[in-house]
Amino acid sequence: MPHDPPLLSVEGLKVHFPVHAGVIRRRQVGAVKAVDGVSFTVRPGETLGLVGESGCGKSTTGLAVLRMQAASAGRIVFDGTDITHSSRAALRPFRRRMQMIYQDPFGALDPRMTVADIIAEPMIVHNIGTSRAERRDRAQDLLAMVGLRPDMATRYVHEFSGGQRQRIGIARALSMQPDLLICDEPVSALDVSIQAQIVNLFESLQDRFGLAYLFIAHDLAVVRHMSDRIAVMYLGKIVEIAGRDALYARPLHPYSQALLASIAIPDPELEASRPQISVTGEVPGALNPPSGCRFHPRCPRAAAVCAREEPVLRDLGEQAVACHLV
Amino acid sequence: MAEMLLQVRNLTTRFRTEAGWVTAVDDVSFDLAAGETLAIVGESGSGKSVTALSMLRLIPRPPGEITGGSVVFEGRDLCQATDAEMQAIRGNRIAMIFQEPMTSLNPSLTLGVQVGEPLVLHRGANWAAAFAKAGELLGRVRIPDAQARVRAYPHQMSGGQRQRAMIAMALACQPRLIIADEPTTALDVTVQAQILALLKELTRETGAALILITHDLGVVARYADRVAVMYGGRMVETASARDLYKHPLHPYTRGLLASIPRLDAPTGQKLRPIEGQPPDLARMPAGCAFQPRCQVAQPDCTATRPAMTEARPQHWKACFVDAA
Ligand SMILES: Nc1ncnc2c1ncn2[C@@H]1O[C@H](COP(=O)(O)OP(=O)(O)OP(=O)(O)O)[C@@H](O)[C@H]1O
Ligand SMILES: Nc1ncnc2c1ncn2[C@@H]1O[C@H](COP(=O)(O)OP(=O)(O)OP(=O)(O)O)[C@@H](O)[C@H]1O
Ligand SMILES: [Mg+2]
Ligand SMILES: [Mg+2]
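One line per chain: the protein sequences are A and B, in this order. The first sequence runs 7 to 332 under our numbering. The second sequence runs 8 to 331 under our numbering.
Be aware that one or more of the hints could be misleading.
Stated by the list, open to error - Here are the simulated lysine to any residue pairs, SDA-like style, with alpha carbons at most 25 Å apart:
1. B:Lys277 - B:Gln302
2. B:Lys277 - A:Asp234
3. A:Lys20 - B:Glu212
4. B:Lys277 - A:Asn206
5. B:Lys253 - A:Lys20
6. B:Lys277 - A:Lys20
7. B:Lys140 - B:Lys253
As the list claims (entries may be wrong) - Stretches of chain B that chain A covers, calculated by requiring three or more beta carbons in the stretch to come under 8 Å of a beta carbon on chain A:
8. 44-51
9. 87-99
10. 118-128
11. 193-202
12. 236-245
13. 311-321
Everything labelled a hint here was simulated from the structure, so no lab data went into it. Ideal Cβ placement from N, Cα and C applies to all residues, glycine included.
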């Protein structure tokens, strides 16, 4: 397994958004370093979880992999081909094989189209399914798979609840039979029962078709359930990347430790008895990230070196971690 | 018993669809005292958002209409209020945090304008003051570089940052009631904890009441005083948070609690969703809405709709079956 060539390999990815000031004469005054040197791989049939604080660059990473967001630096290699600078035409075959479930389901769905058309549209673009009837049947099958009733296919997006819309987005992404699915908070709007059904669906598709996932989520119980390996991001950088069991049993980076400690447990009595540790301190921005280790101003263990030198991601066998103190 | 801030009685809302009328909220009643936090949980499509939108009279008409019931807030029935009166209440006495930030944030206005606007509208603030306050509020919801980012547009923010901008907007006028529809779905656990702590702090400081619509049962356990469970547009169980987790009575609630992925469960285990399809609101069964999926249904469940009854002290359920 470790010798399988990766399906996706991301090396030193950076995405910087310029920030301008001035009304008459616009000039660049800085950049939001949303993603700042991120490297990881995803093997066929594998799930890599991606977790981290809101605004740390998870969605931007996902969008950059799909080339929906231009990279400022770095390389994106999909199935052996460097697609970082591929033309639109050269990207086409890869577009089908990499699909994304977007974080904002409403923004991603056209309000003027029926649900059947929304799901069938990518099939038309990529010539999947020969006839209209075949595509319609497929759309209905997909709706049933995500727990919606097939007769909902003729309705419009605004007639659906938040969680129903999210599942329409999932059905649309699955209609392409991708090899890599980037899931950006795919189950965040779903109640636990339907969430369980969708997670089981993701797993059975992986078992049957060897689908690989880049699974972005903030629900750490779901991430643990889905992932083989997990990357923890903080302010544009990966601070720890580890096998699932290793990370949950023994998180090494102080940020990973704080993250795992702040999960709410679905039991009021247990909750009341638990100390509420949380990451305190001002949230630094990607506009002016702190020097050295970006976590150092909020780190309970920070030493002098942490403000001075940026730690590199060091491989410790089962885990790789970017921290001076580990 | 404390004076009730809010009393919802028999609220019923339906939509006209191709399949006929669907009743998305069906005879829903609940009370809320000042300073209290009520969580509303339930399956996707069970009517949680429509309940909240109905209370604020934000149901699009057509296709929707509120066909009955009352929403008494600070002694006045909002269902009878004029549009002008509702406008004076929304964003001021009652603030709503919507489920999908991108549908309620205006893509062509900066965050500063949108967060500051309620202050200009309801408090007569001038724009300079409102803008400064907006920066402060964005900082309170932990948006980094807040003073610089009042000039950012929604698409320049991450999903969770947009959600927090909505929360800042809701807090601007220090409302008496905050309705938060999945306010933290886009937030990681650490920011989520900070935001919910901020909302809770507000309920303590100002005595505001909070309705927390969420599917995260961990959040419910940590932050809610009481919980109402909805299924198929109806309320099926309500109790204190503690009693609900300890003694879930309705079979749907039990199924819900059993399908949570748990951090203490062995990995590699399949999750256990509730079997069967959610109800078709256009073709609701005559009896209990959950009966077709219920493992313990008995004959009268198909014939008659169970009413809410107090099965334990302060713990109501709409179910005929004795939960042993
Ligand atoms: N178009 C843009 N212009 C400027 N800044 C941007 C833009 N898009 C994103 N950003 C900034 O980049 C950072 C990373 O955003 P991103 O959406 O990747 O975060 P995220 O990890 O997905 O967060 P969340 O969990 O809240 O969705 C944020 O600080 C955000 O404000
Ligand atoms: N404009 C509309 N036209 C027709 N049906 C609608 C409309 N708006 C909502 N509905 C239906 O009303 C029901 C309740 O929707 P609601 O948005 O309240 O669900 P919810 O409990 O908030 O679910 P979720 O957890 O997925 O957000 C859903 O079945 C939905 O399809
Ligand atoms: Mg995101
Ligand atoms: Mg909703």
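Okay, the hints, checked on the actual structure:
1. B:Lys277 - B:Gln302: Holds, because 20 Å separates the two Cα atoms, which is no more than 25 Å.
2. B:Lys277 - A:Asp234: 15 Å, holds
3. A:Lys20 - B:Glu212: 43 Å, violated
4. B:Lys277 - A:Asn206: Measuring from Cα to Cα gives roughly 7 Å; hence the hint holds.
5. B:Lys253 - A:Lys20: 49 Å, violated
6. B:Lys277 - A:Lys20: 37 Å, violated
7. B:Lys140 - B:Lys253: 43 Å, violated
8. 44-51: holds (count 4)
9. 87-99: violated (count 0)
10. 118-128: violated (count 0)
11. 193-202: holds (count 9)
12. 236-245: violated (count 0)
13. 311-321: violated (count 0)
Hint check: violations occur at hints 3, 5, 6, 7, 9, 10, 12 and 13; the rest are consistent with the structure.
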